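Asks: Dock chain B against chain A, hints included.
Protein chains in written order, with numbering that gives the first Met the number 0: chain A, 0 to 334; chain B, 0 to 280.
Keep in mind the hints are simulated off the structure, nothing from the lab. This structure is a prediction, so every number in the text was calculated from the model and none was measured. Watch out, some of these pointers could steer you wrong.
Derived DSS-like pairs (lysine-lysine); straight-line CA-CA distance at most 27 Å [claimed, not checked]:
hint, chain 1, residue 1, chain 2, residue 2
1, B, Lys223, B, Lys180
2, B, Lys114, A, Lys219
3, B, Lys111, A, Lys219
4, B, Lys114, B, Lys180
5, B, Lys181, B, Lys111
6, B, Lys181, B, Lys114
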Amino acid sequence: MSSQSSDSRLRDLLQYFGLASVGDSSVEKKLTDLRRRKTVRRLYAGLGIVIAAIVFNASLNAVGFSLTELFAQIPQFTEALGEYFPPTTYYGIPFIDFMQYWNFIIAENLFAASQITIAIAIAGTILGLPGALLFGIMASERVVPYPFNFVFRATMSLIRAIPALVWVLILIPLGGVTPFTATLAIMIDTTGYLGRLFTDELEEIADGPIEGIQSTGANKSQIVSFGMLSQVFRQFIAWIAFDLEHNVRVAIGLGLIGAGGLGLELDIQRKTFHYTEMMACILLVVLLAGSVELLSQRVRSYLRDDDEVEETGILEAIITAPKKIITATAGRRER
Amino acid sequence: MSTLTVDNVTKTYGDVVALDSVSFEIEDEFVVLLGESGAGKSTMLRCVNGLTHPTEGEIRLNGDPINGSRSDIGMIFQQHNLVDGVSAYMNALTGSLDRTSTVSSLLQQQNKETKERALEALQTVGLLEESHQRTSQMSGGQQQRVGIARALVQDPALLLADEPVASLDPSSAESVMDYLKKAASVHEVTALVSLHQVNIAAYFGERFIGLRDGEILFDVSPEKLTPGLVDDLYGNVETVGLATDNSDNSTVDTSDGTRYDTETGSDGTDEVDVIGRQVES
Chain A
0 MSSQSSDSRL
10 RDLLQYFGLA
20 SVGDSSVEKK
30 LTDLRRRKTV
40 RRLYAGLGIV
50 IAAIVFNASL
60 NAVGFSLTEL
70 FAQIPQFTEA
80 LGEYFPPTTY
90 YGIPFIDFMQ
100 YWNFIIAENL
110 FAASQITIAI
120 AIAGTILGLP
130 GALLFGIMAS
140 ERVVPYPFNF
150 VFRATMSLIR
160 AIPALVWVLI
170 LIPLGGVTPF
180 TATLAIMIDT
190 TGYLGRLFTD
200 ELEEIADGPI
210 EGIQSTGANK
220 SQIVSFGMLS
230 QVFRQFIAWI
240 AFDLEHNVRV
250 AIGLGLIGAG
260 GLGLELDIQR
270 KTFHYTEMMA
280 CILLVVLLAG
290 SVELLSQRVR
300 SYLRDDDEVE
310 ETGILEAIIT
320 APKKIITATA
330 GRRER
Chain B
0 MSTLTVDNVT
10 KTYGDVVALD
20 SVSFEIEDEF
30 VVLLGESGAG
40 KSTMLRCVNG
50 LTHPTEGEIR
60 LNGDPINGSR
70 SDIGMIFQQH
80 NLVDGVSAYM
90 NALTGSLDRT
100 STVSSLLQQQ
110 NKETKERALE
120 ALQTVGLLEE
130 SHQRTSQMSG
140 GQQQRVGIAR
150 ALVQDPALLL
160 ADEPVASLDP
170 SSAESVMDYL
180 KKAASVHEVT
190 ALVSLHQVNI
200 AAYFGERFIG
210 LRDGEILFDV
220 SPEKLTPGLV
230 DDLYGNVETV
240 GLATDNSDNS
250 TVDTSDGTRY
260 DTETGSDGTD
270 EVDVIGRQVE
280 S
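Excised from the complex, chain A in its bound form:
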């Protein structure tokens, strides 16, 4: 009796996994088939989870990840937090002492350091622009036929494979660890990075305007400029704004290894354990990167939208001037 019931339980189980048939009708056969497929899928999913768990565990071991150490270090971190955010009281209410940051920013003239960082980003972006345009356009299959465009594609891939941080290290013999070298590194980085964005944008263009220009009897370079580049001109400007934003972040990173600007100040304060001053630098970094991003967002949304951007109040005064500059640059005409 008991062996009979265990037999039927085993059969139920086999049927559930689609390993035993549930009947002979075509519907029942298909049901068995579907169950077997599901079982196979489950096996693969299970295998995937096991592999991921093994790799995860190996990674944790490799980096020496240890919760015990994390807990042991918490008091020290709390102490540092107190220095990061020095407490004080305003009218009896405890708060962060912003004056300490401000005094340090003024004393060390951190705004000048921020200018250096921005200058590295702007100079590097503009210097890299001709290269990015050349490589970006030549890498497009529509401009240079298939096997040859890969020369340009590969060059850009090579440039991107080496991070800007490493480019600075490579270029140190040229200019030392200075803002100058950082600018050169960003120039090279821009060629690879912005050029790739240009190429991708060129892949999306429509055939119509190209044929339109071709039908007028224009030569090849005129077809490229009027038929193709005219379609992506505004997108290119938007990508340049995006890349400038990216390069400001890179410039801060380059400062950390000594190439000047805000990053350098940050690194000096870290090395001398002046945590309050270090946090002052970080706050400036947030402010700097944030405002550049805001500006670049603004430019891009204006260029992508065909409609007029709505502006009101104080913003209007700030926005109108750059808008007019962009309008003139991008060839958009006032209505």
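Replies: What follows is chain B alone, placed relative to chain A:
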């Protein structure tokens, strides 16, 4: 004065025969290509324009074989194919690219005659005042007229148009066709226009070539374009005959200004069989 000779042209795409030994010759006429979608109209025009090459046969303009796009053949596309981000004036100027070097065309350093020619072409299509506007802000009909202006700046001997009014409303379609015909007659060029709308075709055309499955079905003058021929071309399509059915009704509603509606009126007796042909009375 120009003569377009299409000599035994065959075009195949793999196994598909788009054009099958098509031959015709046109000289200083406004010729309309009719036919169903896929009948080979676009392929014909693309071959004449040099955007694609015939598999067999030859196309000649004034005896000179056509091997590629050239400036003396102006093309107007269904989808305008203009440069979107710039003004109508700049678009008209692209018609002069063949006569201008790359650098000077990029710097807009065309000579004064070319610039004036571009503005005159825009005037011909009624867009002189709007010439500073970006084409992407223009209506479909206006964009198509900019396309005509661009073709005119090329100073063409032959004007081609591939379904220039297919995506336009009836009133814009008519005005674009008006301008196209005016452009062709003012500049005294041969025109080859493919159209879907039989009524518009009948109103504007001076000669009609019907294509079916890549072969010429008819090649007739306006008087001989009968509903029977059109039925042969499209099969029995009820709506194509609309204008003819209305022709004996003298109170056709023309409040929307569609002049290509048949309006033979009281003296419309012997013209009844001709589709949509306006009779001067």
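Asks: Are the hints correct? Go through all of them and say.
Replies: Here is what the structure says about each hint:
no.: 1; hint: Lys223(B) <-> Lys180(B); in the structure: 21 Å, holds
no.: 2; hint: Lys114(B) <-> Lys219(A); in the structure: 22 Å, holds
no.: 3; hint: Lys111(B) <-> Lys219(A); in the structure: 25 Å, holds
no.: 4; hint: Lys114(B) <-> Lys180(B); in the structure: 23 Å, holds
no.: 5; hint: Lys181(B) <-> Lys111(B); in the structure: 25 Å, holds
no.: 6; hint: Lys181(B) <-> Lys114(B); in the structure: 21 Å, holds
In summary, this structure violates none of the numbered hints.
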